[in-house]
Amino acid sequence: MDETELIRAAQAGDERAFEELVRMHDQAVLRLAMNLLRSPEDANDVYQEAFLRVFRNLNSFRFDCSFHTWLYRIVTNLCMDALRRKKVRHEQKRPAAEDGAISDRIERVEEDRVHGDPQRALLSAELRERIGKALGELTPRERMVFELRHYQGMRLRAIGEVLGASEEAAKNCLFRATQKMRASLGDFV
Amino acid sequence: MTCDEVRLRLSLHVYGELSFNEEEAVETHLAGCEACRVALERTRLMHEAWDEMEAAPAPTMLASSRRELMARVAVARESKGWATRLAERLGLKWKLVSPIWQPLGAMALLVAGYLGARVGPLAPGRPDEASLAAPLASRVRYVEPETAGRVRVVVEEARQRVLTGRPDDEAIRRLLMAAARDPGDPGLRAESVNLLRGQLDSEDVRATLLYEVQHDPNAGVRLAALEGLKQFAGDPQMRRVLTQVLLSDRNPGVRSEVIDVLVEKRSDDVVGTLQELMHGEENQDVRDRCERVLASWKASAGTF
Ligand SMILES: [Zn+2]
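From first to last, the protein sequence lines are chains R and D. Counting in the working numbering, the first sequence runs from 1 upward without gaps. Counting in the working numbering, the second sequence runs from 1001 upward without gaps.
Derived by calculation from the structure, the hints in this document are not laboratory data. Treat the hints loosely; a few may be bogus.
What the hints assert, rightly or not - Over 10 Å on every C-beta distance to chain R, these chain D residues come out as not near it, computed from the model:
(1) M1001
(2) D1168
(3) E1203
(4) E1227
(5) K1230
(6) F1232
(7) R1240
(8) D1260
(9) S1267
(10) Q1275
Claimed, not checked - Incomplete in silico selection of chain D near chain R, CB under 7 Å:
(11) E1017
(12) A1049
(13) M1053
(14) E1054
(15) A1055
(16) P1057
(17) L1062
(18) L1069
(19) E1282
(20) Q1284
Glycine included, every Cβ here is placed at the ideal spot set by N, Cα and C.
Model the full structure from these sequences, guided by the hints.
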């Protein structure tokens, strides 16, 4: 069955078809949520809620856009809500545990790199910290456009379609995001 | 193009997202400018550094997320049929009910018990204690694998007591207010809130709904509470609370509803609040709604 047939079968209540449809897309969704939210719990929450919404609303999918676009509208909305909540939480608890998670991750990465040149590893740790901080300081919308273009490899036209924006608006957003990311690296680049 | 103009476009050039004309100008400049070619190489390195920041899910995560999802879908499949029938029988607004009935399963019986307060025979005076022979409500508390392929399931069973009466009976109302804060069951909370809507002359009931609209973790319950509080949209204290909700609620559906309630009465406060909201609002529907209201009031959409 191709995707269209799967969707029609799932709409008619075929459980296997629904599961198959999920399997075609869910790895990418989990990867997206995990990279954006950097927490397995939050990523799983988005995964569950997104596909439950797909399940509940599949009958209203009318093939006006691709299924991928429709699914990503749901997923990106959920992720941006979660990012916004995270931002609020982060701002509330600042500065006590600022970027603690990122530092921990860096330490773990450094432990793995026992063979590396220590000077280079040190530089890379600071780089990582700066990049992580800059990613966290993008607005949810900038973060999302950056995610979809840089990490998911989507074209700006498709990103605009998912986020309900013009290609030009998505381009401006990506421009702002990359400028901020670049500025955070200062004399490193 | 100058060097500065080229540098600004290097990332978009790497992504291949420049317009045809921009791409031409950048390529021409790069061909004749060594310094910008070096800058392009550094941009590529920077993009590679970004690549390395990717946080991938653990290898086992996908399988466990799938298992959880399929279990939840199976529950939703079953309760969907049941909840649809019940909602039709009660003439409930399906739009409001549908998102919150999903995880009910065994708890459905308990909810039906409370619904009895509305659909059952309405005895005058004190609430009626009836039908001690009511069915057992059971709920799976705990499951674990045992040896030899067996599974242990701990089921909690309770004999139900059914109370019927009008929502304005003190005892019924107290039960409904307690149920409206039941932490385990959003479906129960939502229906209790719905039933309390007719009792808003009681200060306790108003406080319960105000609490729910601000603090309930489930958006469906917050919407139900909001629906009840609509009639107080003119009250200054209520407007302050709703303004807070508008600026802080994480669900765009709730934010949209709050806008509808607040804009029934125009005031400069609302204009300011909507402009503030527009600054950070990410949801296109909510933005559109704000923009429409502000435009119809001939107010600017804010500072951008
Ligand atoms: Zn140059």
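Hints and how they fare:
1. M1001: holds, 16 Å
2. D1168: holds, 35 Å
3. E1203: holds, 31 Å
4. E1227: holds, 21 Å
5. K1230: For K1230(D), whose nearest Cβ neighbour in chain R is about 24 Å away, the distance exceeds 10 Å, so it holds.
6. F1232: With a cut-off of 10 Å, F1232(D) remains clear of chain R, as the shortest Cβ separation is near 27 Å.
7. R1240: At about 20 Å from chain R, R1240(D) clears the 10 Å cut-off, so the statement holds.
8. D1260: holds, 20 Å
9. S1267: holds, 27 Å
10. Q1275: About 18 Å separates Q1275(D) from the closest Cβ of chain R, which puts it past 10 Å; holds.
11. E1017: Because about 5 Å separates E1017(D) from the closest Cβ in chain R, which is inside the 7 Å limit, the hint holds.
12. A1049: Holds, about 6 Å.
13. M1053: holds, 5 Å
14. E1054: Cβ of E1054(D) sits 5 Å from chain R, so the hint holds.
15. A1055: Constraint on A1055(D) satisfied, holds at 5 Å.
16. P1057: holds, 4 Å
17. L1062: holds, 6 Å
18. L1069: Since the shortest Cβ distance to chain R is 5 Å, the answer is holds.
19. E1282: Check passed: Cβ of E1282(D) comes within 5 Å of chain R, closer than 7 Å.
20. Q1284: Holds, about 4 Å.
The structure fails none of the hints (numbered hints given earlier).
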